[in-house]
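Those protein sequences? They're chains A and B, same order as listed. If you read the first sequence in this note's numbering, its first letter stands for residue 1, the second for the next number, and so on. If you read the second sequence in this note's numbering, its first letter stands for residue 1, the second for the next number, and so on.
Careful: at least some of the hints might be erroneous.
The list cannot tell twin chains apart, which means a pair is met if one copy fits it or any two copies do.
Stated by the list, open to error - For lysine to aspartate or glutamate, the following DMTMM-like pairs were computed, each having C-alpha atoms within a straight-line distance of at most 20 Å:
#1 Lys-313 x Asp-70
#2 Lys-422 x Glu-130
#3 Lys-305 x Asp-325
#4 Lys-191 x Glu-49
#5 Lys-422 x Glu-195
#6 Lys-36 x Asp-384
#7 Lys-422 x Glu-363
#8 Lys-345 x Glu-20
#9 Lys-73 x Asp-384
#10 Lys-301 x Asp-70
#11 Lys-422 x Glu-338
#12 Lys-106 x Asp-384
#13 Lys-422 x Glu-228
#14 Lys-156 x Asp-243
#15 Lys-327 x Glu-174
#16 Lys-95 x Glu-13
#17 Lys-36 x Glu-13
Derived from the structure by calculation, the hints contain no laboratory data.
2 protein chains.
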Amino acid sequence: MPSTSAQDYSIVETIIPLLEAARTASVSVRNLSDQKRSEILLHLATLVESSVNEILAGNQPDLDAMPDEDPKKDRLLLTEARVIGLAQSLREVAKLPDPTGEILLKRELQDGLQLQNITTALGVVGVIYESRPNVTIDVAALCLRSGNACILRGGKEAIHSNTVLVKLIHQSLEAFGVPTAAVTLLPTDRKHVSELLTATRYVDIIIPRGSDGLIQFVRQNSLVPTIETGAGVCHTYVEQSADLTMAREIVVNAKVQRPSVCNALDTLVVDAAIAEKFLPQLKTELEAHQVEIFADETSYKIFEKAGYPMLQKATEEDFGREFLDFKCSVKVVAGVDEALNHIEKYSSRHSETIVTGDERIGELFLQNVDAAAVYVNASTRFTDGGQFGLGAEIGISTQKLHARGPFALEKLVTEKWIVRGKGHIRK
Amino acid sequence: MPSTSAQDYSIVETIIPLLEAARTASVSVRNLSDQKRSEILLHLATLVESSVNEILAGNQPDLDAMPDEDPKKDRLLLTEARVIGLAQSLREVAKLPDPTGEILLKRELQDGLQLQNITTALGVVGVIYESRPNVTIDVAALCLRSGNACILRGGKEAIHSNTVLVKLIHQSLEAFGVPTAAVTLLPTDRKHVSELLTATRYVDIIIPRGSDGLIQFVRQNSLVPTIETGAGVCHTYVEQSADLTMAREIVVNAKVQRPSVCNALDTLVVDAAIAEKFLPQLKTELEAHQVEIFADETSYKIFEKAGYPMLQKATEEDFGREFLDFKCSVKVVAGVDEALNHIEKYSSRHSETIVTGDERIGELFLQNVDAAAVYVNASTRFTDGGQFGLGAEIGISTQKLHARGPFALEKLVTEKWIVRGKGHIRK
């Protein structure tokens, strides 16, 4: 089998023939029945479970090549439990409803001309990602479930892990007579990324998953339409009428429950009227998690007086900054108008929340904050396809076209206008 | 009033302050009630009707500056009838249903956390177009109706016409207390196009309307997400079981009814089994319209034998070519498989049709052709927002994200996830 060795992924001149094969294979995937597509994923789940040793053996050379102190090492690591998790996630995607073939509109035009607008597979989905091998299985599962072929461009540091996983995916495809090019893993040479980003004839959509640098590179260089699963600069605004116990719980949860993710708190915005009372109440819990605070002038004095240890004066760069760590900035405002202006200026339009006891102000916030997910009296940590009941997601879109917020199975489709006539011509 | 002179549009250093003002104004437009937004358009319709002379006077210097032999002159021309048409189109858009505030999903998550997914205005819509001043009114109407601000970058050759039209739009906005920056006409200096295409902080979507060159430029240079309203390379495939009278009527309609538009026929694909019988039947009507035919080898012999006068041998470039004129290419195929392959290879994925007497083959075509609109036994000329019952359109999208096919009012929105809690935190 020529596609199973990691060596094969570094020696091609051009990936165009691979993209062409994926495009051809996409027709086979699109024409599979809903049931067949589910069965392939169930087959693969079983295969993954029975191949734990092989998968861990494939992961080993990648782990060996990465220094222990590299923070990406945990993302690269596969364990038996994580492999079993992959199989479970395959079974969950298999159970999700088919997003294709939905009739969005049905209308009779002049003289009985029949118009339908239906959902259909996108075709070929390209995903560019970094060191997490589980993305390989997640993306393949979502794409196959929705009748799409996919092009996977994983990071160089995970190539041996991805090679083993794609080999298993190919075995399941072959068992159902589907061309293996339906899930194509690209060689990791950087030059091929440019080829992928300009292959408008073969690739219908490109989704970058990973660092801000990767996303910016894709945005600047892609001719293929992209979905940006961008950074989350998330604010929690504690308005003066807030229940301060609720506010403390939400702030702490949004910051410390999992700070490395995009929906975690970056900036706490708080009304001046309650700042002196509220901010010291955060001390015990934030200190326990060693949260470093970048405070504006007013809040600096309050935290200093309260004896908060990990305190710095905020610079302009600390607002609009995604920390992804036990760090946050704090801004004191005069009231809701200044809070809305601050958020409009610095938000990355991902997830924003207000804690308030005033329903009218809560609704004003929901109406006026321009973000994918806007909350009242809840932690921003809920922005997630699974939490929202949409199943697995490819990422959180921070742009406004096609998909905003969790980019899940139901958005891996396009629409198609179908017109059935009996010789109709336009007059 | 500083915004009414055409001179003002050529002297600014940077358009960023204009884009910033449009972004601020977009909040006012979004917060207008459905009824207010309609009323503004009705007010503008009346104002346009009563300003016919002023509008025609504004059009005159643009007309004077364009040579009579320029094919764009008809597009630039405003007449009393065309101005009345603009007012009518404003009244039609006013009547269309509000696309914002629709609840797409409503769900209770854990412990009573309330989730909604609703449609909301995009924010700021940028449109880059060429010489047609009616686009100014159409885009402003669709954007205001859907709660969006818009940035209009019309062609230099229409700047005086556009200046007068935007002055009237501003009068209607002022009458309702809406900031005039909600409809912002940009100076025509080319350097500002690059500023617009990279202003991701202020502009949410850019739609290029016009030549393929413009669309390619936008695709290559825009960091703002775009909707491509691309070229239409449209095929009509006459399958061997077709009713040949019906086929002739559809082919002739698709080619000659209005050849300058994107949904007109470019390539006729015909089964070899019927080519000798069918192609000569087209002679009278195509000849009457002086249609120039670029024929492949087989069809060349048939047309030559039939004495077709405007006949040339097709080169490879004549397939996949958008003619926008009384010209078409002809390809003879062995059957449906070869026809599908030809269309897959050369289609611009706009509009494709099959004429067939075999329902099974018709459904195969609908299922397998990858295009925005796919037809059986009807002319491709129906691909149009108005024809599809969607009202006015900004263009026909040939890409797969967000909007495919007619890009009408209902797609000038994004979605927003609204979450209402009572102190919910993630465990």
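Each hint tested on the structure:
no.	hint	result
1	Lys-313 x Asp-70	neither (29 Å within a copy, 64 Å between copies)
2	Lys-422 x Glu-130	neither (52 Å within a copy, 37 Å between copies)
3	Lys-305 x Asp-325	neither (25 Å within a copy, 78 Å between copies)
4	Lys-191 x Glu-49	neither (35 Å within a copy, 58 Å between copies)
5	Lys-422 x Glu-195	neither (44 Å within a copy, 49 Å between copies)
6	Lys-36 x Asp-384	neither (28 Å within a copy, 36 Å between copies)
7	Lys-422 x Glu-363	between (52 Å within a copy, 14 Å between copies)
8	Lys-345 x Glu-20	between (43 Å within a copy, 11 Å between copies)
9	Lys-73 x Asp-384	neither (24 Å within a copy, 53 Å between copies)
10	Lys-301 x Asp-70	neither (37 Å within a copy, 70 Å between copies)
11	Lys-422 x Glu-338	neither (61 Å within a copy, 24 Å between copies)
12	Lys-106 x Asp-384	between (32 Å within a copy, 16 Å between copies)
13	Lys-422 x Glu-228	neither (43 Å within a copy, 31 Å between copies)
14	Lys-156 x Asp-243	neither (49 Å within a copy, 57 Å between copies)
15	Lys-327 x Glu-174	neither (48 Å within a copy, 46 Å between copies)
16	Lys-95 x Glu-13	neither (40 Å within a copy, 57 Å between copies)
17	Lys-36 x Glu-13	neither (35 Å within a copy, 60 Å between copies)
Hints 1, 2, 3, 4, 5, 6, 9, 10, 11, 13, 14, 15, 16 and 17, counting from the list given before, are not met by this structure.
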